[in-house]
Amino acid sequence: MSRNALYLLLLFGASAIFAPIAPARADRDIQAEETDETINKTVKSLNRTERSEEKARSRQKVLEQQHDELEFRRRTGAPFRSERAIRNDLNRNELRQGWEKREGRRLDYEITRQKNDLRNQTNDWQRR
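Residue numbering for the sequence shown follows numbering that gives the first Met the number 0, beginning at 0 and increasing consecutively.
Among the hints, erroneous ones may be present.
Said to hold, decoys possible - When the alpha-carbon atoms are kept at most 27 angstroms apart in a straight line, the in silico DSSO-like pairs for lysine-lysine are as follows:
no.	residue 1	residue 2
1	K54	K40
2	K60	K43
3	K114	K100
4	K43	K54
No wet-lab data here; the hints were simulated from the structure.
Given the sequences, and given the hints that come with them, work out the whole structure.
In structure tokens, the structure reads:
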């Protein structure tokens, strides 16, 4: 037998041996795809429920804050101010006071400069 004939015989023999394995492998691939799909669906549904739970927690937190504000108004008659709002107001007041202080210093400097200019002009005029 020639070499080519041996190769053909080996090739056909190997295909005959591996032919029954191919359908089993295809079945395993299909089953793997189905399990992947079910896993993906489960993960998506879990993500959906987690998102809805997070939204519910967020909404509950907002409602609790509103309830606290209403209770505070009922008890004190004053509008509820969060710590953040109070802190922002304090910072704003400090900034405004600092600006007013700097502006006052600038105006004082400007007034003294103008007085000195007038005094110098008067002295120059009197000398002539």
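Hint-by-hint comparison with the structure:
1. K54 x K40: holds (21 angstroms)
2. K60 x K43: holds (26 angstroms)
3. K114 x K100: With a Cα-Cα distance of about 21 angstroms, the restraint between K114 and K100 holds, given a limit of 27 angstroms.
4. K43 x K54: holds (16 angstroms)
The structure agrees with every numbered hint stated previously.
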